[in-house]
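Assemble the whole structure, with the sequences as input and the hints as a guide.
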Amino acid sequence: MNILTLVRQVPDAEARVKISGQSVDLDGATLVIDGMDEYGVEEALRLRESGAPVEQIIALAIGPKKVEDALRTSLAMGVDRAIHIETDEKFDAVTLSRAVAQVAQAENVTLILVGGQEADWDSQALGAASAERLGWPQLTWTNELKLDGDTLTGRHDVDDGNESFSATLPAVVTTQQGLNEPRYPTLPNIMKAKKKELRKDDPATYQLQGRVRTVNAEIQTRARLNKMIDGKDAQAAAQQLLELLRNEAKVIA
Amino acid sequence: MILIVAEHTAGKLAKATLEMVTAARESGREGPITLLVLGQNVAAVATEAAAVADQVLVADLPQLATYNAEVWAAATTQIAQEGEAHTVIIGGSRSGREYAPRVAVKLDAAYLEDATRLSSNGAALQAQRYTYLARVTETVEADGLVVVTVKPGSFAPAAPAGAAGEQYDVDLTLPAPRVQVTGKSVEKSSRVALTEADVIVTGGRGVGSPENFAKYVEGLADSIGAGVGATRAVVDAGWRPYAEQVGQTGKTVQPKAYIALGVSGAVQHLSGMGKSKNIIAINKDAEAPIFKVADYGIVGDVNEIVPALIEASRK
Numbered sequence: 001m002n003i004l005t006l007v008r009q010v011p012d013a014e015a016r017v018k019i020s021g022q023s024v025d026l027d028g029a030t031l032v033i034d035g036m037d038e039y040g041v042e043e044a045l046r047l048r049e050s051g052a053p054v055e056q057i058i059a060l061a062i063g064p065k066k067v068e069d070a071l072r073t074s075l076a077m078g079v080d081r082a083i084h085i086e087t088d089e090k091f092d093a094v095t096l097s098r099a100v101a102q103v104a105q106a107e108n109v110t111l112i113l114v115g116g117q118e119a120d121w122d123s124q125a126l127g128a129a130s131a132e133r134l135g136w137p138q139l140t141w142t143n144e145l146k147l148d149g150d151t152l153t154g155r156h157d158v159d160d161g162n163e164s165f166s167a168t169l170p171a172v173v174t175t176q177q178g179l180n181e182p183r184y185p186t187l188p189n190i191m192k193a194k195k196k197e198l199r200k201d202d203p204a205t206y207q208l209q210g211r212v213r214t215v216n217a218e219i220q221t222r223a224r225l226n227k228m229i230d231g232k233d234a235q236a237a238a239q240q241l242l243e244l245l246r247n248e249a250k251v252i253a
Numbered sequence: 001m002i003l004i005v006a007e008h009t010a011g012k013l014a015k016a017t018l019e020m021v022t023a024a025r026e027s028g029r030e031g032p033i034t035l036l037v038l039g040q041n042v043a044a045v046a047t048e049a050a051a052v053a054d055q056v057l058v059a060d061l062p063q064l065a066t067y068n069a070e071v072w073a074a075a076t077t078q079i080a081q082e083g084e085a086h087t088v089i090i091g092g093s094r095s096g097r098e099y100a101p102r103v104a105v106k107l108d109a110a111y112l113e114d115a116t117r118l119s120s121n122g123a124a125l126q127a128q129r130y131t132y133l134a135r136v137t138e139t140v141e142a143d144g145l146v147v148v149t150v151k152p153g154s155f156a157p158a159a160p161a162g163a164a165g166e167q168y169d170v171d172l173t174l175p176a177p178r179v180q181v182t183g184k185s186v187e188k189s190s191r192v193a194l195t196e197a198d199v200i201v202t203g204g205r206g207v208g209s210p211e212n213f214a215k216y217v218e219g220l221a222d223s224i225g226a227g228v229g230a231t232r233a234v235v236d237a238g239w240r241p242y243a244e245q246v247g248q249t250g251k252t253v254q255p256k257a258y259i260a261l262g263v264s265g266a267v268q269h270l271s272g273m274g275k276s277k278n279i280i281a282i283n284k285d286a287e288a289p290i291f292k293v294a295d296y297g298i299v300g301d302v303n304e305i306v307p308a309l310i311e312a313s314r315k
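Protein chains in written order, with full-length UniProt numbering: chain A, 1 to 253; chain B, 1 to 315.
Because the hints were derived from the structure by calculation, they are not lab data.
Take these hints with a grain of salt, some might be off.
Pairs of lysine-lysine, DSS-like flavour, derived with a Cα cap of 30 Å [what the hints assert, rightly or not]:
id: 1; chain 1: B; residue 1: LYS188; chain 2: B; residue 2: LYS275
id: 2; chain 1: A; residue 1: LYS65; chain 2: A; residue 2: LYS195
id: 3; chain 1: B; residue 1: LYS15; chain 2: A; residue 2: LYS250
id: 4; chain 1: B; residue 1: LYS188; chain 2: A; residue 2: LYS194
id: 5; chain 1: A; residue 1: LYS18; chain 2: B; residue 2: LYS188
id: 6; chain 1: A; residue 1: LYS227; chain 2: B; residue 2: LYS275
id: 7; chain 1: A; residue 1: LYS250; chain 2: B; residue 2: LYS256
id: 8; chain 1: A; residue 1: LYS227; chain 2: B; residue 2: LYS292
id: 9; chain 1: B; residue 1: LYS12; chain 2: A; residue 2: LYS66
id: 10; chain 1: B; residue 1: LYS275; chain 2: A; residue 2: LYS250
id: 11; chain 1: B; residue 1: LYS188; chain 2: A; residue 2: LYS227
id: 12; chain 1: A; residue 1: LYS146; chain 2: B; residue 2: LYS188
id: 13; chain 1: A; residue 1: LYS250; chain 2: B; residue 2: LYS106
id: 14; chain 1: B; residue 1: LYS315; chain 2: B; residue 2: LYS215
id: 15; chain 1: A; residue 1: LYS18; chain 2: B; residue 2: LYS184
id: 16; chain 1: A; residue 1: LYS232; chain 2: B; residue 2: LYS315
id: 17; chain 1: B; residue 1: LYS292; chain 2: A; residue 2: LYS232
id: 18; chain 1: A; residue 1: LYS232; chain 2: B; residue 2: LYS277
id: 19; chain 1: B; residue 1: LYS188; chain 2: A; residue 2: LYS250
id: 20; chain 1: A; residue 1: LYS227; chain 2: B; residue 2: LYS277
id: 21; chain 1: A; residue 1: LYS90; chain 2: B; residue 2: LYS275
id: 22; chain 1: B; residue 1: LYS256; chain 2: B; residue 2: LYS275
id: 23; chain 1: A; residue 1: LYS232; chain 2: B; residue 2: LYS284
id: 24; chain 1: B; residue 1: LYS256; chain 2: A; residue 2: LYS18
id: 25; chain 1: B; residue 1: LYS256; chain 2: A; residue 2: LYS232
id: 26; chain 1: A; residue 1: LYS146; chain 2: B; residue 2: LYS184
id: 27; chain 1: B; residue 1: LYS188; chain 2: B; residue 2: LYS292
id: 28; chain 1: B; residue 1: LYS256; chain 2: B; residue 2: LYS188
id: 29; chain 1: B; residue 1: LYS256; chain 2: A; residue 2: LYS90
id: 30; chain 1: B; residue 1: LYS275; chain 2: B; residue 2: LYS215
id: 31; chain 1: A; residue 1: LYS250; chain 2: B; residue 2: LYS184
id: 32; chain 1: B; residue 1: LYS277; chain 2: B; residue 2: LYS12
id: 33; chain 1: A; residue 1: LYS200; chain 2: A; residue 2: LYS227
id: 34; chain 1: B; residue 1: LYS215; chain 2: A; residue 2: LYS227
id: 35; chain 1: A; residue 1: LYS250; chain 2: B; residue 2: LYS292
id: 36; chain 1: B; residue 1: LYS15; chain 2: A; residue 2: LYS232
id: 37; chain 1: B; residue 1: LYS106; chain 2: A; residue 2: LYS227
id: 38; chain 1: B; residue 1: LYS284; chain 2: B; residue 2: LYS15
id: 39; chain 1: A; residue 1: LYS227; chain 2: B; residue 2: LYS284
id: 40; chain 1: A; residue 1: LYS18; chain 2: B; residue 2: LYS277
Structural data, given as C-alpha cells:
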C-alpha cells in the first residue's frame, strides 16, 4: 500500500504577524512544517515500522517555492518521495482537495494522513473534503491508530468525549496531538533526503479554481487594563482581586 | 431557502442552534429559514425548533440515532437539493466541521468555515473568521451556493419568531456508515460547561501538581460557581481530561471572566481564550506572557493567593 501525507508550511507560532494592504504578510517570518501535519508524517513512518505492508510514503504540498523546505523536512524524517504543486495562489481547502484526490488516485494511495486543523487558516476541511472527493470514509481528530491488514482501528475525539473505531481502507485520517511524538531528522537523514525525489507538478494539470476570496484582514488588538496587583501580601491581594471581580468586572455576587 | 442543520443533545435543542438562527437572520440572505432536525425520537426538539424557524423539516429515523459524518452529509445534501437551498448553515462543533466540507463537495458549493459574523455584499456572502491563532480577523466571501459553519458563541441566541413554523416529516435515502464505533467514553463534568460558563478558572503547569490542581483550580471554581479549564501542558501531562483543554487544539471560550492560575500564556492557549471579557492572571513569573493580555495580574504564588481567595469569597 501507499500512504499520502499532506504537508503545509505555516509561520512559527511565535512569529509576529503583520498585515500589508488587505492581507497577512509573512515576509521575514520563520516558516515551519505545520505541527498537526507532522503528526501525520510521523504516523505514516510508524505504521511502516510496526510491520504494515507500506510500499511508499509520499508527501504532497501545494504552495509557493519555499514550501520545498517543509517537504525536505518530511523527506529527512523518512518519507520516500515528495510531490510539490508549486503555486503562489492561495486556494481554500475544498478547492485544494481536488488536487489531493487526483494525486491520491494517480499514486495508487489507500491511506491519506493530514493534520486535523491548520495552524494558520484554522481550517479543518482538507481531510474531510478530500475523503468526499474520493468517496472514502474519514476519521478525524485521531489520537491512536493501528493497521492490521486493511483494517484501521484506533481512538479519536468527538463532540462529547472520545470513541474507539474500526474502518476498512481506503480512508482519510486526520491527526492531532497525543497520536505520537514526531522524530527530529538526524544529520545523516537530512543528507540522504537531498538525494530523494522531489517532483514538481504544474498547477494547471489540476485545474484548480478557488471559490473563496479574501476581502480583508485585520490584526485584532484589544486594549487590556494590565492592572498589576502586588502579590506579596496574599490576603490583601486576594481581597483586592475579589473586589475587582465584584465591582468592576461584576462577574461574581 | 436558508437551511440550518439543528444541533441537539439529550432531547433538547442546543444553544448553538439558536445562534445559527441569528446568523441566518443577520446574513442578509433571502428566503425562509428552515431548520433540519436529524435524529431519532426528536419530536420535542422539532417543537423547540419551530419556535425560531419559518419551517422545520424532521427526519426521525433509526439510522440517525447516532451521528456519522457520511450519513449526516448525505442527509443534509439531499434536503438542500430538494429544497433548493442557496445557503446551508452548520454548527462549528467538532462534528459540524467534520461533515460540512463533505456537504460542500457534494453540492459543489463554496465553503466558508467557522464564521464569527455574516453579511451580504450584493450576490456574495461575506464571513468574518479568526486566523493565525486568532490574532487576525479575515473577511472572506463567496458567490452562489454556499455552505457555512458558524463558530459557537459568536452570535446571540435567537429569540422566538412571531408564529411557530410548520413542521414537515421528511424521508431520506441514507448510506450505511462505514466507520464502526466500537466503544465510547463520554467526558462528563458536574460543573457548568466551558463553552457556556460566565466565569472560567484555568490551571497551568505553574499550579504544580494534580493534587494542587484539584485543591486550587477546582476549589476556586467551586467557591465562585465557575467552569474548570486546563492548558495543553496539563492535559498532556495527564493531570486533567482533554475535555477541559482550552486553546487552539482544545475549546475556544469567551466568558465574562477568565481566571488563569499558573498559566504562562503560550500563543496557542491565548488563541482559545483571548476574546474573554476580563482576563485575570496569577503567576509567580512576572515575565509570563499571560500578563500582557491580562486585565488584572497578580505576581505571586498560587499556593498562597488562591486559598486566600477561596476564604475571602466565602465571606
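In ascending order, which of the hints set out earlier in this document are inconsistent with the structure? Violated: hints 4, 5, 9, 11, 13, 15, 27, 29, 31, 33, 36, 37 and 38.
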